[in-house]
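Student: These are the residues of each chain, in order.
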Amino acid sequence: MGLLNRLDNPYNISPGIVLGTMEDLLNWGRARSDWYLQFGLACCAIEFMALNASHYDLMRFGCIPRTSPRQADFIIISGTVTLKMAERIKRLYEQMAEPKYVLAMGSCSICGGPYWKEGYHVLKGVDRIIPVDVYVPGCPPRPEAFFDGMIKLQEKINKQKIFEKRARVAQEDAKNGNIGNIHLPHGWEEVK
Amino acid sequence: MSETKTFEIDFGKVYSERMRLNVGPQHPSTHGVLRLEVELEGEVVTEIVPHIGYLHRCFEKHAENVTYPQVIPYIDRMDYISSMNNEFPYVLGMEKLLGIEVPEKVQYIRVICAELNRIANHQIAIATFGLDSGAFTPFLYYFRDREMIITLFEKLSGGRLLYNYFWIGGLMHDVHPTFAEDCLEIVKQVRKTNDEALDLLMYNKIFVERTANIGILPADVAINYGCSGPVLRGSGVPYDLRKVEPYSIYDKFDFDVVVGKGEMGTLGDCWDRNIVRVREIYESCKIIEQAIEQMPKEPCDVRQAVPKRIKPPVGEFYCRAENPKGELGFYIISDGSPKPTRVRARATSFVNLSVLPEISKGYMIADLIMILGSLDIVLGEIDR
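Residue numbers (the working numbering), protein chains in the order written: chain D, 1 to 192; chain W, 1001 to 1384.
Since the hints were made in silico from the structure, they are not lab data. Where hints are given, some of them may not hold.
Unchecked claim - Just the calculated beta-carbon pair ranges, DEER-fashion: (1) W/1257 x D/124: 23 to 33 Å; (2) D/98 x W/1136: 48 to 58 Å; (3) W/1331 x D/111: 29 to 39 Å; (4) D/163 x W/1358: 28 to 38 Å; (5) D/159 x W/1257: 25 to 35 Å.
As the list claims (entries may be wrong) - A short list of chain W residues far from chain D (calculated; beta carbon distances all over 12 Å): (6) 1054; (7) 1073; (8) 1174; (9) 1220; (10) 1238; (11) 1246; (12) 1252; (13) 1301; (14) 1303; (15) 1308; (16) 1315; (17) 1336.
Said to hold, decoys possible - For lysine-lysine, the following DSSO-like pairs were computed, each having C-alpha atoms within a straight-line distance of at most 27 Å: (18) D/117 x W/1361; (19) W/1155 x W/1297; (20) D/117 x W/1308; (21) D/117 x W/1192; (22) W/1061 x D/84; (23) W/1192 x W/1252; (24) D/90 x D/156.
Values in this document were obtained by computation on a predicted structure and should not be read as measured data. Heads up, the beta-carbon is just placed ideally off N, CA and C, and yes, glycines get one too.
Based on the sequences and whatever the hints tell you, model everything.
Tutor: Shown next as structure tokens:
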């Protein structure tokens, strides 16, 4: 996984040289310096604090806490999302700059958790308001489970396509029959 | 609001504008999802309105719809830092109502677990208070030790944070064979780190400057607002339910009630509230050591008194215990069915937070964060 692992490839031209695309390089950088929004909601935030502290040390993933959503790459929904908090979370997500990712931590943010049945003030899953990339189940999840989710997120970032996004989206839309929403830049069709 | 005003504070004349500032709900120092509406004169806080309800998880609604033992997991999630202590008053009250006599060993295990969790809670409180004032190192030291306590709880109950370990009439499981040695090892390590933290944090000149004479809470104000726990004891009132109204087997142990003395500044300031927590860790260590010494060694069936069917008589009662944050009580109304009619929690943090507008007026905005940190609130308990 990753760009630097190709150094171990026996078919490489010479040691110390990695052949790859620009996309590989950018994804490698993005996956290994994910800065997260320092933002706790409920019980999972305490487990998340333990994750940041001495025993588990999240910083080895390249994760640095940022207190402003404008500097963050991904947001961790760590706990129960209530209806009152849901608008704020949506606004925080909208304030983040692209590319942005969402990691739903704990059963509460996945589906409402123990509060799914009678919780009249609990949002049953944060994916109803923002798109979630990785789900980490548990109540609260163990730090090891969170690490697994973090590795899954890195894998996802490694595979993502960066360039020609508009053309790609337009093609998908044409396939799905909802063209017209995306305005292609002038002369784009000729280039393709 | 652009109302220019001149006023004098102790370092000279300041021209300032009145403004309203919104702190939270997403703010690293509000310890959760608390929103504070602050009115400022320059940098001086003149008015403060806490807005709560961002973590209202419908505790009472759930308690109406589940049976008595099923309420315990929801109680765990109220004050999620000290789950063992949360279960204590509920379980004790239910046992008193049903007339259950639990085995002696169960009592001892409960006290040890509650005191260990009290240590864990105070460690988080002191560590995050240090973070608020800019001290990062004690946070790392305290969390290293807290991990030992969490590992022990995981051996007991299977959960790292939310345990559901205390059952009505007993415990979930008996302790593992090396429980006593594990506890003594933890106590040894906790004492060592606490000694380090006293030097690193509490008697640090920078920390004393930040916290002494800040957020002074006089004893009468604390009593009038109904504060309890370290917030009340920091003001010099020796009120601890473990001493005043000994529940479970707390009358068998020899420990002191720690009160603030105003060593660094005025009685009842932020520093006093925090030193009470640091010294209570030593007292908890004392209780754990005594409990392990007195605990019956032979194994016993910890579930022998657990009732098969819980159907308390019609009535209502209040049961309370000393949580790390103060007095936690449950008012339970029973109509004779297996489900409670109502479980109302007297949340410690909610009462302790209510004193914030009173004590933070006239301080700088940076001090407001320290005052909030010294109250040690948990939003899960405030909003429930």
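Student: Compare the structure with each hint and give your call.
Tutor: A quick look at each hint next to the structure:
The beta-carbon spacing between residue 1257 of chain W and residue 124 of chain D, approximately 45 Å, falls outside the hinted interval of 23 to 33 Å. At about 31 Å, the CB distance of residue 98 of chain D to residue 1136 of chain W disagrees with the hint of 48 to 58 Å. Look at residue 1331 of chain W against residue 111 of chain D: about 31 Å separates their beta carbons, and that is inside 29 to 39 Å. Between residue 163 of chain D and residue 1358 of chain W, the C-beta spacing of about 59 Å breaks the proposed range 28 to 38 Å.
Checked against the hint of 25 to 35 Å, the C-beta distance between residue 159 of chain D and residue 1257 of chain W comes to roughly 60 Å, which is inconsistent with it. A Cβ of chain D approaches the Cβ of residue 1054 of chain W within 12 Å, the least distance being about 5 Å, so the stated non-interface status is violated. The beta carbon of residue 1073 of chain W sits about 7 Å from the closest Cβ of chain D, which is not more than 12 Å, so the claim that it is off the interface is violated. The claim that residue 1174 of chain W is not at the interface with chain D holds, since no C-beta of that chain comes within 12 Å of its own (minimum 24 Å).
Every C-beta of chain D lies more than 12 Å from that of residue 1220 of chain W, the closest at about 34 Å, which supports listing it as non-interface. The non-interface label for residue 1238 of chain W is consistent with chain D: the shortest C-beta to C-beta separation is roughly 30 Å, beyond 12 Å. Every Cβ of chain D is farther than 12 Å from the Cβ of residue 1246 of chain W; the closest lies at roughly 30 Å, confirming the non-interface assignment. Its beta-carbon lying about 32 Å from the closest one in chain D, residue 1252 of chain W satisfies the requirement of being farther than 12 Å from that chain.
Chain D leaves residue 1301 of chain W outside its interface by the beta-carbon criterion, the shortest separation being 29 Å against a cut-off of 12 Å. Every beta carbon of chain D lies more than 12 Å from that of residue 1303 of chain W, the smallest distance being close to 24 Å; the non-interface claim holds. At roughly 24 Å from the closest C-beta of chain D, the C-beta of residue 1308 of chain W stays outside 12 Å, upholding its exclusion from the interface. Every C-beta of chain D lies more than 12 Å from that of residue 1315 of chain W, the closest at about 25 Å, which supports listing it as non-interface.
Residue-level check passed: residue 1336 of chain W sits 22 Å from the nearest beta carbon of chain D, beyond 12 Å. The suggested pairing of residue 117 of chain D with residue 1361 of chain W is violated, with an alpha-carbon distance near 42 Å, which exceeds 27 Å. Of the supplied pair hints, the one linking residue 1155 of chain W and residue 1297 of chain W holds, its CA atoms being roughly 19 Å apart against a limit of 27 Å. A C-alpha spacing of about 26 Å is found between residue 117 of chain D and residue 1308 of chain W, which places the hinted pair at or below 27 Å, so the restraint holds.
Distance check on the hinted pair: residue 117 of chain D and residue 1192 of chain W sit about 46 Å apart at the alpha-carbon level, beyond 27 Å; violated. Between the alpha carbons of residue 1061 of chain W and residue 84 of chain D the distance comes to roughly 18 Å, so the proposed pair stays at or under 27 Å and holds. Restraint check for residue 1192 of chain W and residue 1252 of chain W: satisfied, since their Cα atoms lie roughly 26 Å apart, inside the 27 Å limit. Taken as a hint, the residue 90 of chain D and residue 156 of chain D pair is honoured in the structure, with Cα atoms around 22 Å apart against an allowance of 27 Å.
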